[in-house]
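Undergrad: Sequence:
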Amino acid sequence: MGRERYGCYCGLFGVLHDLMSTPNKDYTITMGDNDYLSLVHHKDSSVFLSEFDPHTALEMDLAAWFSKDCYLAQSGYAANVGVMHAVCTKGMHVYVDMFLHMSFYDGLAARGAKLHPFKPNNAADLEPKVKKYGAGLIIVESVYSTSGSFAPLEDIVRIKKEHSCTLVVDESHSFGLFGTQGLGLLHHKNLVADVDYITASPAKAHATRAGIVFTKHAVFIKENSFPFIFSSGLVQNDIVRIRAMWDMNKVAKLVGGRKNTPCAIVGLAMKNEEKLSQLYRFLSDKGILAAPFLAPATSPDHPFLRFTVHCDVSMEDAKTVEEWYATSKARL
45 MGRERYGCYC GLFGVLHDLM STPNKDYTIT MGDNDYLSLV HHKDSSVFLS
95 EFDPHTALEM DLAAWFSKDC YLAQSGYAAN VGVMHAVCTK GMHVYVDMFL
145 HMSFYDGLAA RGAKLHPFKP NNAADLEPKV KKYGAGLIIV ESVYSTSGSF
195 APLEDIVRIK KEHSCTLVVD ESHSFGLFGT QGLGLLHHKN LVADVDYITA
245 SPAKAHATRA GIVFTKHAVF IKENSFPFIF SSGLVQNDIV RIRAMWDMNK
295 VAKLVGGRKN TPCAIVGLAM KNEEKLSQLY RFLSDKGILA APFLAPATSP
345 DHPFLRFTVH CDVSMEDAKT VEEWYATSKA RL
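FYI, the numbering for the sequence shown is 45 to 376, going by the working numbering.
Please keep in mind that the hints were generated in silico from the structure rather than gathered at the bench.
Hints may contain errors.
Claimed, not checked - Derived SDA-like pairs: lysine to any residue, alpha-carbon spacing no greater than 25 angstroms straight-line: (1) Lys205 - Ala247; (2) Lys315 - Met292; (3) Lys233 - Met289; (4) Lys112 - Lys319; (5) Lys175 - His207.
Claimed, not checked - Computed beta-carbon distance windows for the label pairs: (6) Tyr149 - Glu366: 42 to 48 angstroms; (7) Gly331 - Lys175: 50 to 56 angstroms; (8) Val279 - Gln322: 38 to 44 angstroms; (9) Ala335 - Ala101: 31 to 37 angstroms; (10) Ala101 - Gly331: 41 to 47 angstroms; (11) Gln322 - Ala108: 49 to 55 angstroms; (12) Gly156 - Glu360: 48 to 54 angstroms; (13) Ala341 - Ala251: 19 to 25 angstroms; (14) Ala247 - Thr133: 18 to 24 angstroms.
C-beta: ideal position from N, C-alpha, C; glycine also.
Required output: the full structure, derived from the provided sequences and hints.
TA: Next comes the structure, spelled out in C-alpha coordinates:
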(Lines of atoms letter the chains of each structure in order from A and count residues from 1; the text may use other names and numbers.)
(Lines give C-alpha, C1' and ligand atoms only; values in the text may rest on other atoms or scores of the structure.)
Protein backbone atom coordinates (compact mmCIF):
# COMPACT_ATOMS: atom_id res chain seq x y z
CA MET A 1 0.00 0.00 0.00
CA GLY A 2 2.96 2.28 -0.17
CA ARG A 3 3.13 2.51 3.62
CA GLU A 4 6.62 1.02 3.42
CA ARG A 5 7.50 4.29 1.71
CA TYR A 6 7.01 6.24 4.89
CA GLY A 7 7.20 3.56 7.56
CA CYS A 8 10.40 5.09 8.93
CA TYR A 9 8.59 8.40 9.38
CA CYS A 10 5.52 7.19 11.22
CA GLY A 11 7.30 6.67 14.53
CA LEU A 12 9.87 9.43 14.01
CA PHE A 13 9.59 13.04 12.97
CA GLY A 14 12.06 13.21 10.08
CA VAL A 15 15.14 15.35 9.58
CA LEU A 16 13.26 18.51 8.57
CA HIS A 17 11.06 18.46 11.67
CA ASP A 18 14.10 17.84 13.87
CA LEU A 19 15.94 20.81 12.40
CA MET A 20 13.02 23.23 12.62
CA SER A 21 11.83 22.25 16.13
CA THR A 22 14.39 24.40 17.88
CA PRO A 23 14.11 25.35 21.58
CA ASN A 24 15.29 28.91 20.83
CA LYS A 25 12.55 31.27 19.68
CA ASP A 26 14.37 34.54 20.42
CA TYR A 27 16.88 35.02 17.62
CA THR A 28 19.00 38.18 17.56
CA ILE A 29 19.98 37.59 13.93
CA THR A 30 17.37 36.15 11.56
CA MET A 31 18.60 35.13 8.11
CA GLY A 32 16.45 32.07 7.39
CA ASP A 33 13.64 33.37 5.17
CA ASN A 34 12.96 35.16 1.87
CA ASP A 35 11.63 38.44 3.29
CA TYR A 36 14.09 40.55 1.27
CA LEU A 37 12.53 43.94 2.10
CA SER A 38 11.66 42.99 5.72
CA LEU A 39 7.99 43.77 5.11
CA VAL A 40 6.71 40.97 7.32
CA HIS A 41 7.86 39.46 10.58
CA HIS A 42 6.89 35.84 10.01
CA LYS A 43 8.72 33.26 7.91
CA ASP A 44 7.13 33.39 4.46
CA SER A 45 8.10 29.92 3.23
CA SER A 46 6.24 27.05 4.85
CA VAL A 47 9.37 24.96 5.22
CA PHE A 48 10.95 27.59 7.52
CA LEU A 49 8.13 27.59 10.05
CA SER A 50 9.10 26.64 13.61
CA GLU A 51 6.89 25.34 16.38
CA PHE A 52 6.68 28.87 17.80
CA ASP A 53 5.23 30.43 14.63
CA PRO A 54 1.51 31.45 14.69
CA HIS A 55 0.92 29.13 11.71
CA THR A 56 2.24 26.14 13.66
CA ALA A 57 0.46 27.21 16.84
CA LEU A 58 -2.84 27.25 14.94
CA GLU A 59 -2.13 23.76 13.57
CA MET A 60 -1.59 22.49 17.12
CA ASP A 61 -4.81 24.07 18.39
CA LEU A 62 -6.87 22.72 15.46
CA ALA A 63 -5.35 19.27 16.03
CA ALA A 64 -6.43 19.28 19.67
CA TRP A 65 -9.95 20.37 18.66
CA PHE A 66 -10.35 17.79 15.87
CA SER A 67 -8.51 14.94 17.66
CA LYS A 68 -6.08 14.38 14.77
CA ASP A 69 -2.79 16.04 13.91
CA CYS A 70 -3.17 18.98 11.55
CA TYR A 71 -1.30 20.38 8.54
CA LEU A 72 -2.30 23.81 7.20
CA ALA A 73 -1.76 24.37 3.49
CA GLN A 74 -2.18 27.50 1.38
CA SER A 75 -5.50 26.31 -0.10
CA GLY A 76 -7.74 23.27 -0.34
CA TYR A 77 -6.22 22.60 -3.76
CA ALA A 78 -2.69 22.67 -2.34
CA ALA A 79 -3.70 20.41 0.54
CA ASN A 80 -5.13 17.73 -1.77
CA VAL A 81 -2.21 17.88 -4.19
CA GLY A 82 0.23 17.63 -1.29
CA VAL A 83 -1.45 14.55 0.17
CA MET A 84 -1.26 12.84 -3.22
CA HIS A 85 2.44 13.74 -3.53
CA ALA A 86 3.16 12.20 -0.14
CA VAL A 87 0.98 9.10 -0.15
CA CYS A 88 0.96 7.88 -3.75
CA THR A 89 3.66 5.91 -5.54
CA LYS A 90 4.03 4.94 -9.18
CA GLY A 91 1.71 2.07 -10.09
CA MET A 92 -0.35 2.28 -6.89
CA HIS A 93 -4.02 1.36 -7.33
CA VAL A 94 -6.18 4.40 -6.60
CA TYR A 95 -9.99 4.23 -6.55
CA VAL A 96 -11.63 7.58 -7.25
CA ASP A 97 -15.23 8.73 -7.37
CA MET A 98 -15.93 10.09 -10.88
CA PHE A 99 -17.05 13.43 -9.39
CA LEU A 100 -13.83 13.86 -7.41
CA HIS A 101 -12.27 17.34 -7.32
CA MET A 102 -9.62 18.13 -9.94
CA SER A 103 -6.98 18.87 -7.30
CA PHE A 104 -6.70 15.15 -6.52
CA TYR A 105 -6.27 14.28 -10.19
CA ASP A 106 -3.54 16.91 -10.45
CA GLY A 107 -1.60 15.36 -7.60
CA LEU A 108 -2.18 11.82 -8.82
CA ALA A 109 -0.91 12.64 -12.32
CA ALA A 110 2.44 13.67 -10.86
CA ARG A 111 2.82 10.27 -9.21
CA GLY A 112 1.82 7.95 -12.06
CA ALA A 113 -0.76 6.02 -10.05
CA LYS A 114 -3.17 3.56 -11.66
CA LEU A 115 -6.63 5.13 -11.50
CA HIS A 116 -9.84 3.10 -11.19
CA PRO A 117 -12.84 5.47 -11.34
CA PHE A 118 -16.14 4.29 -9.90
CA LYS A 119 -19.66 5.62 -10.36
CA PRO A 120 -20.55 8.63 -8.19
CA ASN A 121 -21.48 7.68 -4.63
CA ASN A 122 -21.72 4.04 -5.66
CA ALA A 123 -20.08 1.65 -3.22
CA ALA A 124 -21.51 -1.30 -5.17
CA ASP A 125 -19.44 -0.21 -8.17
CA LEU A 126 -16.34 0.44 -6.04
CA GLU A 127 -16.10 -2.90 -4.22
CA PRO A 128 -15.74 -5.21 -7.27
CA LYS A 129 -12.89 -3.02 -8.53
CA VAL A 130 -11.09 -3.26 -5.19
CA LYS A 131 -11.57 -7.04 -5.21
CA LYS A 132 -10.18 -7.24 -8.74
CA TYR A 133 -7.12 -4.99 -8.43
CA GLY A 134 -6.33 -5.28 -4.72
CA ALA A 135 -5.66 -2.96 -1.81
CA GLY A 136 -5.05 0.66 -2.65
CA LEU A 137 -6.07 4.23 -1.97
CA ILE A 138 -9.78 5.20 -1.96
CA ILE A 139 -10.62 8.89 -2.41
CA VAL A 140 -14.09 10.43 -1.98
CA GLU A 141 -15.73 13.69 -0.94
CA SER A 142 -18.25 13.65 1.87
CA VAL A 143 -20.42 16.19 0.01
CA TYR A 144 -19.99 16.84 -3.72
CA SER A 145 -19.82 20.46 -4.80
CA THR A 146 -21.73 20.12 -8.07
CA SER A 147 -24.63 17.88 -7.11
CA GLY A 148 -24.84 18.37 -3.34
CA SER A 149 -25.00 14.59 -2.94
CA PHE A 150 -23.64 12.75 0.08
CA ALA A 151 -21.08 9.97 -0.15
CA PRO A 152 -22.13 6.61 1.40
CA LEU A 153 -19.42 7.02 4.03
CA GLU A 154 -20.38 4.01 6.14
CA ASP A 155 -20.17 1.70 3.11
CA ILE A 156 -16.88 3.26 1.95
CA VAL A 157 -15.36 2.75 5.40
CA ARG A 158 -16.50 -0.88 5.45
CA ILE A 159 -14.83 -1.54 2.08
CA LYS A 160 -11.69 0.22 3.26
CA LYS A 161 -11.47 -1.99 6.35
CA GLU A 162 -12.37 -5.28 4.70
CA HIS A 163 -9.85 -4.84 1.89
CA SER A 164 -7.00 -3.14 3.81
CA CYS A 165 -7.17 0.09 1.86
CA THR A 166 -6.16 3.63 2.79
CA LEU A 167 -8.96 6.19 2.80
CA VAL A 168 -8.94 9.91 1.95
CA VAL A 169 -12.10 11.98 2.48
CA ASP A 170 -12.45 15.61 1.39
CA GLU A 171 -14.75 17.43 3.83
CA SER A 172 -14.59 20.84 2.14
CA HIS A 173 -18.37 21.13 1.74
CA SER A 174 -19.30 19.78 5.17
CA PHE A 175 -16.53 21.24 7.37
CA GLY A 176 -17.93 24.15 9.36
CA LEU A 177 -21.53 23.24 8.56
CA PHE A 178 -22.23 19.70 9.76
CA GLY A 179 -21.67 18.12 13.13
CA THR A 180 -21.07 19.54 16.58
CA GLN A 181 -19.00 22.75 16.38
CA GLY A 182 -18.82 22.32 12.61
CA LEU A 183 -16.44 19.35 12.83
CA GLY A 184 -17.92 17.82 9.66
CA LEU A 185 -19.85 14.76 8.54
CA LEU A 186 -17.20 12.24 9.60
CA HIS A 187 -17.38 13.47 13.18
CA HIS A 188 -21.16 13.58 12.95
CA LYS A 189 -21.18 9.92 11.90
CA ASN A 190 -18.40 8.94 14.33
CA LEU A 191 -16.11 7.79 11.49
CA VAL A 192 -13.07 10.02 12.03
CA ALA A 193 -10.91 7.23 13.45
CA ASP A 194 -11.56 5.12 10.33
CA VAL A 195 -10.26 7.70 7.84
CA ASP A 196 -6.52 8.04 7.24
CA TYR A 197 -6.50 11.51 5.66
CA ILE A 198 -9.23 14.15 6.03
CA THR A 199 -8.88 17.30 3.93
CA ALA A 200 -10.94 20.49 3.90
CA SER A 201 -11.01 23.99 2.49
CA PRO A 202 -12.16 26.75 4.91
CA ALA A 203 -12.87 28.86 1.80
CA LYS A 204 -16.41 27.42 1.85
CA ALA A 205 -18.22 27.78 5.18
CA HIS A 206 -15.49 29.89 6.79
CA ALA A 207 -14.91 32.29 3.89
CA THR A 208 -11.17 32.32 4.37
CA ARG A 209 -8.15 31.06 2.46
CA ALA A 210 -6.37 27.89 3.57
CA GLY A 211 -6.35 24.12 3.23
CA ILE A 212 -6.45 21.65 6.11
CA VAL A 213 -5.28 18.07 6.42
CA PHE A 214 -6.14 16.06 9.53
CA THR A 215 -4.08 12.89 9.90
CA LYS A 216 -1.71 11.15 12.29
CA HIS A 217 0.88 11.42 9.49
CA ALA A 218 0.83 15.25 9.28
CA VAL A 219 4.61 15.63 9.60
CA PHE A 220 5.20 13.11 6.81
CA ILE A 221 2.75 14.95 4.54
CA LYS A 222 4.58 18.24 5.13
CA GLU A 223 7.97 16.70 4.37
CA ASN A 224 6.75 15.26 1.05
CA SER A 225 4.25 17.87 -0.17
CA PHE A 226 5.66 20.08 -2.92
CA PRO A 227 3.09 22.88 -2.26
CA PHE A 228 4.23 22.96 1.37
CA ILE A 229 7.96 22.84 0.63
CA PHE A 230 8.07 25.20 -2.34
CA SER A 231 5.30 27.74 -1.52
CA SER A 232 4.84 30.48 1.04
CA GLY A 233 2.93 29.72 4.21
CA LEU A 234 -0.27 31.38 5.40
CA VAL A 235 0.01 35.11 6.03
CA GLN A 236 -0.93 36.58 9.40
CA ASN A 237 -4.31 37.96 8.35
CA ASP A 238 -5.36 34.50 7.11
CA ILE A 239 -4.36 32.96 10.44
CA VAL A 240 -6.26 35.62 12.40
CA ARG A 241 -9.36 35.15 10.23
CA ILE A 242 -9.27 31.35 10.58
CA ARG A 243 -9.06 31.68 14.36
CA ALA A 244 -11.97 34.14 14.42
CA MET A 245 -14.20 31.95 12.24
CA TRP A 246 -13.22 28.84 14.17
CA ASP A 247 -14.07 30.49 17.51
CA MET A 248 -17.46 31.52 16.09
CA ASN A 249 -18.13 27.95 14.97
CA LYS A 250 -17.36 26.57 18.41
CA VAL A 251 -20.16 28.59 20.01
CA ALA A 252 -22.65 28.70 17.12
CA LYS A 253 -25.78 26.54 16.88
CA LEU A 254 -25.14 24.66 13.68
CA VAL A 255 -27.72 23.12 11.40
CA GLY A 256 -25.44 20.12 11.06
CA GLY A 257 -26.01 19.12 14.66
CA ARG A 258 -29.52 17.97 13.85
CA LYS A 259 -30.56 14.69 12.31
CA ASN A 260 -31.34 14.40 8.59
CA THR A 261 -29.83 17.77 7.72
CA PRO A 262 -30.21 18.57 4.01
CA CYS A 263 -27.25 19.77 1.99
CA ALA A 264 -26.81 23.48 1.32
CA ILE A 265 -26.08 22.70 -2.34
CA VAL A 266 -28.82 22.18 -4.91
CA GLY A 267 -27.35 21.06 -8.21
CA LEU A 268 -29.37 20.95 -11.41
CA ALA A 269 -27.97 18.51 -13.96
CA MET A 270 -28.42 20.07 -17.39
CA LYS A 271 -28.84 18.29 -20.73
CA ASN A 272 -25.99 20.22 -22.33
CA GLU A 273 -24.06 23.47 -22.02
CA GLU A 274 -26.45 25.33 -24.32
CA LYS A 275 -29.42 24.51 -22.08
CA LEU A 276 -27.41 25.54 -19.04
CA SER A 277 -26.55 28.89 -20.64
CA GLN A 278 -30.20 29.55 -21.48
CA LEU A 279 -31.36 28.85 -17.93
CA TYR A 280 -28.50 30.85 -16.40
CA ARG A 281 -29.32 33.91 -18.54
CA PHE A 282 -33.06 33.59 -17.88
CA LEU A 283 -32.59 33.51 -14.10
CA SER A 284 -29.96 36.25 -14.26
CA ASP A 285 -32.46 38.53 -16.00
CA LYS A 286 -34.79 37.94 -13.03
CA GLY A 287 -32.11 38.96 -10.55
CA ILE A 288 -31.18 35.42 -9.53
CA LEU A 289 -27.51 34.44 -9.54
CA ALA A 290 -26.53 30.76 -9.65
CA ALA A 291 -23.16 29.13 -10.38
CA PRO A 292 -22.67 27.48 -13.79
CA PHE A 293 -20.41 24.42 -13.73
CA LEU A 294 -18.91 23.67 -17.14
CA ALA A 295 -15.82 21.90 -18.47
CA PRO A 296 -13.20 21.59 -17.08
CA ALA A 297 -15.03 21.77 -13.72
CA THR A 298 -17.32 19.01 -15.05
CA SER A 299 -17.22 16.77 -18.09
CA PRO A 300 -18.64 18.45 -21.24
CA ASP A 301 -21.59 16.03 -21.17
CA HIS A 302 -22.56 16.72 -17.54
CA PRO A 303 -22.85 20.48 -16.87
CA PHE A 304 -24.56 21.67 -13.68
CA LEU A 305 -26.24 24.83 -12.49
CA ARG A 306 -25.63 25.07 -8.76
CA PHE A 307 -27.65 26.94 -6.15
CA THR A 308 -26.21 27.43 -2.66
CA VAL A 309 -28.75 27.89 0.14
CA HIS A 310 -26.86 30.12 2.57
CA CYS A 311 -27.92 31.87 5.76
CA ASP A 312 -29.13 35.02 3.99
CA VAL A 313 -31.56 33.17 1.71
CA SER A 314 -35.10 33.59 3.06
CA MET A 315 -38.06 31.29 2.49
CA GLU A 316 -39.48 33.98 0.22
CA ASP A 317 -36.24 33.99 -1.80
CA ALA A 318 -36.37 30.22 -2.16
CA LYS A 319 -40.00 30.37 -3.34
CA THR A 320 -39.11 33.05 -5.90
CA VAL A 321 -36.30 30.92 -7.33
CA GLU A 322 -38.58 27.88 -7.46
CA GLU A 323 -41.32 29.82 -9.26
CA TRP A 324 -38.99 31.31 -11.88
CA TYR A 325 -37.35 27.94 -12.44
CA ALA A 326 -40.79 26.39 -13.06
CA THR A 327 -41.54 29.21 -15.50
CA SER A 328 -38.24 28.66 -17.30
CA LYS A 329 -39.03 24.98 -17.88
CA ALA A 330 -42.11 25.97 -19.83
CA ARG A 331 -40.31 28.61 -21.89
CA LEU A 332 -36.88 27.15 -22.62
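Undergrad: Determine for every hint whether it applies to the structure shown.
TA: We went through each hint and held it up to the structure:
no.: 1; hint: Lys205 - Ala247; in the structure: violated (31 angstroms)
no.: 2; hint: Lys315 - Met292; in the structure: violated (41 angstroms)
no.: 3; hint: Lys233 - Met289; in the structure: holds (23 angstroms)
no.: 4; hint: Lys112 - Lys319; in the structure: violated (45 angstroms)
no.: 5; hint: Lys175 - His207; in the structure: holds (8 angstroms)
no.: 6; hint: Tyr149 - Glu366: 42 to 48 angstroms; in the structure: violated (35 angstroms)
no.: 7; hint: Gly331 - Lys175: 50 to 56 angstroms; in the structure: holds (52 angstroms)
no.: 8; hint: Val279 - Gln322: 38 to 44 angstroms; in the structure: holds (42 angstroms)
no.: 9; hint: Ala335 - Ala101: 31 to 37 angstroms; in the structure: holds (35 angstroms)
no.: 10; hint: Ala101 - Gly331: 41 to 47 angstroms; in the structure: holds (45 angstroms)
no.: 11; hint: Gln322 - Ala108: 49 to 55 angstroms; in the structure: holds (51 angstroms)
no.: 12; hint: Gly156 - Glu360: 48 to 54 angstroms; in the structure: holds (53 angstroms)
no.: 13; hint: Ala341 - Ala251: 19 to 25 angstroms; in the structure: holds (20 angstroms)
no.: 14; hint: Ala247 - Thr133: 18 to 24 angstroms; in the structure: violated (30 angstroms)
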